[in-house]
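> Sequences listed follow chains A and B, in order.
Each step along the first sequence adds one to the number in UniProt numbering, with nothing skipped, and position 19 is 19.
Each step along the second sequence adds one to the number in UniProt numbering, with nothing skipped, and position 345 is 345.
Careful: at least some of the hints might be erroneous.
Unchecked claim - Derived contacts from chain B toward chain A, CB cut-off under 7 angstroms, selection only:
1. Glu53
2. Ser135
3. Leu137
4. Leu138
5. Lys139
6. Ala200
7. Ser325
8. Arg327
9. Gly331
10. Cys360
11. Val371
Treat the hints as calculated values from the structure; they're not laboratory data.
All residues carry an ideal CB built from backbone N, CA and C; glycine is no exception.
Protein chains: 2
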Amino acid sequence: MEAAEKANVSTPLIKRLDLSKGDKFDTMLQGVLDVANLPDPIGKVTFANKLDEGLDLYRVTCPIGVLLVIFESRPEVIANITALAIKSANAVILKGGKESFHSFAAISRLVGEALSGTEIPPGAVQLIESRQEVSDLLKQDRYIDLVIPRGSNELVRSIKSNTKIPVLGHADGLCSVYVHGDADVDMAVRIVIDSKTNYAAACNAAEGLLVQRCALKSHLPSLAKALIDAGVSLKVTPEIGEALKEAGVAGTGSATIMSAEEKDFETEFLSFTIAVAAVEEVDEAIKHINAHSSKHTDSIVTASKEIADKFLNGVDSSGVFWNASTRFSDGFRYGFGTEVGISTSKIHARGPVGLEGLTCYQYQLRGSGQVAADYVGAGGKKEFKHEQLDM
Amino acid sequence: MEAAEKANVSTPLIKRLDLSKGDKFDTMLQGVLDVANLPDPIGKVTFANKLDEGLDLYRVTCPIGVLLVIFESRPEVIANITALAIKSANAVILKGGKESFHSFAAISRLVGEALSGTEIPPGAVQLIESRQEVSDLLKQDRYIDLVIPRGSNELVRSIKSNTKIPVLGHADGLCSVYVHGDADVDMAVRIVIDSKTNYAAACNAAEGLLVQRCALKSHLPSLAKALIDAGVSLKVTPEIGEALKEAGVAGTGSATIMSAEEKDFETEFLSFTIAVAAVEEVDEAIKHINAHSSKHTDSIVTASKEIADKFLNGVDSSGVFWNASTRFSDGFRYGFGTEVGISTSKIHARGPVGLEGLTCYQYQLRGSGQVAADYVGAGGKKEFKHEQLDM
Chain A
1 MEAAEKANVS TPLIKRLDLS KGDKFDTMLQ GVLDVANLPD PIGKVTFANK LDEGLDLYRV
61 TCPIGVLLVI FESRPEVIAN ITALAIKSAN AVILKGGKES FHSFAAISRL VGEALSGTEI
121 PPGAVQLIES RQEVSDLLKQ DRYIDLVIPR GSNELVRSIK SNTKIPVLGH ADGLCSVYVH
181 GDADVDMAVR IVIDSKTNYA AACNAAEGLL VQRCALKSHL PSLAKALIDA GVSLKVTPEI
241 GEALKEAGVA GTGSATIMSA EEKDFETEFL SFTIAVAAVE EVDEAIKHIN AHSSKHTDSI
301 VTASKEIADK FLNGVDSSGV FWNASTRFSD GFRYGFGTEV GISTSKIHAR GPVGLEGLTC
361 YQYQLRGSGQ VAADYVGAGG KKEFKHEQLD M
Chain B
1 MEAAEKANVS TPLIKRLDLS KGDKFDTMLQ GVLDVANLPD PIGKVTFANK LDEGLDLYRV
61 TCPIGVLLVI FESRPEVIAN ITALAIKSAN AVILKGGKES FHSFAAISRL VGEALSGTEI
121 PPGAVQLIES RQEVSDLLKQ DRYIDLVIPR GSNELVRSIK SNTKIPVLGH ADGLCSVYVH
181 GDADVDMAVR IVIDSKTNYA AACNAAEGLL VQRCALKSHL PSLAKALIDA GVSLKVTPEI
241 GEALKEAGVA GTGSATIMSA EEKDFETEFL SFTIAVAAVE EVDEAIKHIN AHSSKHTDSI
301 VTASKEIADK FLNGVDSSGV FWNASTRFSD GFRYGFGTEV GISTSKIHAR GPVGLEGLTC
361 YQYQLRGSGQ VAADYVGAGG KKEFKHEQLD M
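Next comes chain A alone, as it looks inside the complex (with noise of 0.2 angstroms):
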């Protein structure tokens, strides 16, 4: 702590990296202890088929190998990330922020500790301090098989940038809300507020609000007014701000009502300010947010079944909510029980990433002398059964 202050380290920041600070120790070691009451994630039997009499395929999950997790300095987080390595068999290289270097070394060194009385290998986890000793691993696509960047998107991007090896987490988290003409306007309010201001600095509040045109006099004002009350300011399109003129809507204070730039509809701005923007169909706004959101969570406010649908299969994002707020979009409330990390790829794990993101497959063949040669395909006459395996 004195360091921390003789190295003028902001006050919140320092809060944050206290761990006696009230329950947080407390939290730390119920989230460890949550992760090891998960189910074991390695062995279960995805597929099983029998391919002929004494010849059966298993497919069955694996660790994916050795991962580099690199993560902001809240000190907590080496024990989780540790925990579902662990739990996910796999070898973890860990690299934290700088600013809790001591704590994460203690932490790490316990843990090392509690290792060596069991058969996992004390090498499974390990802790590395500098940026060097990172970008040294990047290089080591053979012996690597999994980097995931948690902190800024600047890291994630750098990170991606300088790497063979596959990267699990997210760039950016640019979400927004459409809200249909046929929607009940409280409920919208409520979504978009909720959306907007619950926690403005995380990835799945909502930087972006879409109007159906035929809404901007019956939905538009309310939803504005609510957000100014919020303290938040708008950036809007010419047909927005005069919608608002009309209807008589004012920024107040801080919250202020501007125009809006091509580029605020692709900007995270993290912060109380929302783009705004209307659409005539809900065709338009599925190609709207196609086009400009980063893939995170996007949602619908809407009383009709079938527009929601034509949303929820239209918008190519990881979570499409319907009636609800982007918040939402996070491994805890999904019923996870933790999170790695929440994934924008399309390629492995896709949205809040749980246990299950850490792990892949294998093939299992169990067989009892079968040559390929035997078969149709590879010279022979037998033919494959291909019978579904009880599991």
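Start from chain A and add chain B according to the hints.
Here is chain B on its own, set in the frame of chain A:
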């Protein structure tokens, strides 16, 4: 044909390019019909969780998006890949081997005509011609979601190092067979011969043979004789060379016995050559394979389930086989109907990849106006129910 002959294309290649040869056209047609008859891979609910009353979460399979597929010159391949892409609702950009460009263009025109009578936009399947186009497209990681290179190791390697887009495929097929001391000798011989000689140019052919040290007298001579009789050259460690000399096994004709260098255990011969070494125990076999193989497919021959389980759980390859030829590692043999390719990656799809590998999923949340702020963890008191829903 005449153009091909004029362009000095080799006769075996001309045969492979000629779609009117034998039953090639009918096989191609059947392949397309087979894909059409596969179950629809899109829109399947793979996880469903009631977060709260009227707040239901569904994980639903969806297409990946835009695929870039680079493939060899066999003209039937374009029909198969197009069928797979359409079936999985992905858009696809196709680049085939230049020798078949005119066939590809003709098939592609027919695909376009067929699609024009459907709801599928004609641009969903596009053919490109030049390498320059490929290298331009490899930079479009914002618009292309997955690259699938099929072809030579050099092609796959060069693509992997020239794009940020995820790549599904395999550069190497370095497979091994390990013969444990308790193996039935005849079974071991059949499996080794099939793994090596059934189709030596395939990625699932064995390139390495490991024999337990205690079996150098009981098993090795039969294995070596059978290989040499089948025309296979052996590259052997000094220990193996010594054992063969003692047993009086020598090369004949083109099937020679040579000293192995370290690099022979990491060489994909793709021909009638195999590298042979002795290991003390199954643990050493596992270590050797994990250090040298390309994580494709490795097989153990043993009478012991316990030893087999150790091998299957210890070898980090996409296929781990017990008492079966490595040649079974194949989408058709696994019962997937058809395969897009074989992946040695541990992220996304692994091993032979069927239609499933061309899908991802999104989380659809269907609510009734819920906001996060009402729930624990985001400022409220409501608890999540997290009850698994019937799918």
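> Determine for every hint whether it applies to the structure shown.
Here is what the structure says about each hint:
Look at Glu53 (chain B): its Cβ only gets to about 13 angstroms from chain A, farther than 7 angstroms, so that hint breaks. With a least beta-carbon distance of about 17 angstroms to chain A, the hint placing Ser135 (chain B) at the interface is violated under the 7 angstroms criterion. Annotation: interface hint on Leu137 (chain B) violated; nearest CB of chain A at approximately 17 angstroms, more than 7 angstroms. Because the beta carbon of Leu138 (chain B) sits about 13 angstroms from the nearest beta carbon in chain A, more than 7 angstroms, this interface hint is broken.
The criterion of a C-beta within 7 angstroms of any C-beta in chain A is not met by Lys139 (chain B), whose closest approach is roughly 12 angstroms, and the hint is violated. Hint status for Ala200 (chain B): violated, given a least beta-carbon distance of 12 angstroms to chain A, over 7 angstroms. For Ser325 (chain B), the interface hint holds, since its Cβ comes within 7 angstroms of a Cβ in chain A; the closest pair sits about 5 angstroms apart. The beta carbon of Arg327 (chain B) comes within 4 angstroms of a beta carbon in chain A, closer than 7 angstroms, and the hint placing it at the interface holds.
For Gly331 (chain B), the suggested interface contact is broken, since its CB lies about 11 angstroms from the closest CB of chain A, more than 7 angstroms. Contact between Cys360 (chain B) and chain A, as hinted, is supported at the beta carbon level, the nearest pair being about 5 angstroms apart and thus within 7 angstroms. Proximity of Val371 (chain B) to chain A holds as hinted, the smallest CB-CB distance being about 3 angstroms (cut-off 7 angstroms).
In the structure shown, a violation is registered for the earlier hints numbered 1, 2, 3, 4, 5, 6 and 9, in ascending order.
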